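Visitor: Chains as they are written, first to last, in my numbering: chain S, 911 to 1091; chain B, 911 to 1091.
A portion of the hints provided could be inaccurate.
If chains are identical, the list can't say which one is meant, so a pair holds when it fits in one copy or spans any two.
To be verified - Simulated pairs of lysine-lysine, BS3-like, Cα-Cα distance not exceeding 25 Å:
no., residue 1, residue 2
1, K985, K912
2, K1025, K922
3, K986, K1084
4, K1004, K1084
5, K922, K987
6, K1025, K1015
7, K968, K987
8, K912, K1004
9, K970, K1086
10, K1070, K1003
11, K1087, K970
12, K1087, K1025
13, K987, K960
14, K1025, K1084
Hint data in this document are derived by calculation from the structure and do not stem from the laboratory.
Every value quoted in this text rests on a predicted model; they were computed, and no experiment measured them.
Below, each chain spelled out in residue letters.
Protein chains: 2
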Amino acid sequence: MKISVLRLGHRKNRDIRVTTHCCLVARAFLADEIILSGEEDAGIIETVRKVSQNWGGKLKLRYEPNYRKFLQTRKKKGQLIVHLTMYGEHLAKKLAKIRKLAINKGIVVVIGAEKVPPEIYRIADFNIAITGQPHSEVAALAIFLNRLQQDAPLSPTAQKRFKNARIIITPGEKGKKIKKN
Amino acid sequence: MKISVLRLGHRKNRDIRVTTHCCLVARAFLADEIILSGEEDAGIIETVRKVSQNWGGKLKLRYEPNYRKFLQTRKKKGQLIVHLTMYGEHLAKKLAKIRKLAINKGIVVVIGAEKVPPEIYRIADFNIAITGQPHSEVAALAIFLNRLQQDAPLSPTAQKRFKNARIIITPGEKGKKIKKN
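Turn these sequences into a full structure, and let the hints steer you where they fit.
Guide: This is how it looks when you write it as structure tokens:
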């Protein structure tokens, strides 16, 4: 399943760390690409690329000024658009259907910043809540990507997906064990 | 099971949004309390208290200048200390044991900011990785709390835990349905 993440409404100063966390979650939870919208921010793209160089894998990452056009293009390709929002339907009720619809042509997972344009609720095929409480797009993305892939990102074997890593961790009870290539 | 979260090393300007997300995740994923360490920050405590007033529940929230003493006190009470770190052991391998050990006397989940003092790895009963990749303490906390409670935070019935809410969402396919008390 091809998994894309669209991060809406990035604000260059205010969101720098939260958007970086979104990118790193997309990568660690096995998305294929993340597209940043809102204010253009070369710094974040550079930061995340460096993480990918050190830790491996092949996450694609780019800026997209026109999120509407991007979503329309992806819809035309048959990709499923799923918007994560606390105002949406419960994940458990829709997950099996989402997985089935996304498996062939892929999925775009949309996460917002502070304010999401109302049209996103209409463009999305599903508006999905990760709990009905306010919390964090970072957490919502991790939970959703993990469930979508039936816990594959949490599996020890998932680490094989991060090829060409310069840094590899050997899990340990107490403290760090790192191998550098 | 009593669940406490300890957020280490908060930095007042740099971490304001990420620490806020940690607090909101602790609340939405049914922790009983979150303790903030590092730089004291009345603003975050005020922000999260307002969310709790509006959205209900009874999350406890406070600043603790001495994380070492706090962890020692909790250890003496028999609480389990679990530190989330990408250098730790795989969650899947330890989760059943953690749940068993925490169920009676409770658990303190420790999450770091940028740099975690090495002693934390020793004080912790378990160092646990939510994937062996760098991502986000916000995401790690959500995944761990959800798994610890066997997906209870994601259940529609979890919303009943947030009593005395001024705002309640009715999940909807397209757009927002909000009830204000």
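Visitor: The structure should be examined with respect to each hint, and the outcome stated for every one.
Guide: Hints, verified against the model:
no.	hint	verdict
1	K985 to K912	within (14 Å within a copy, 45 Å between copies)
2	K1025 to K922	both (15 Å within a copy, 24 Å between copies)
3	K986 to K1084	between (50 Å within a copy, 20 Å between copies)
4	K1004 to K1084	between (40 Å within a copy, 14 Å between copies)
5	K922 to K987	neither (31 Å within a copy, 45 Å between copies)
6	K1025 to K1015	neither (29 Å within a copy, 41 Å between copies)
7	K968 to K987	within (22 Å within a copy, 46 Å between copies)
8	K912 to K1004	within (19 Å within a copy, 31 Å between copies)
9	K970 to K1086	neither (28 Å within a copy, 32 Å between copies)
10	K1070 to K1003	between (31 Å within a copy, 18 Å between copies)
11	K1087 to K970	neither (28 Å within a copy, 36 Å between copies)
12	K1087 to K1025	between (41 Å within a copy, 16 Å between copies)
13	K987 to K960	neither (31 Å within a copy, 43 Å between copies)
14	K1025 to K1084	between (42 Å within a copy, 16 Å between copies)
Hint compliance for this structure: hints 5, 6, 9, 11, 13 are broken, all remaining hints hold.
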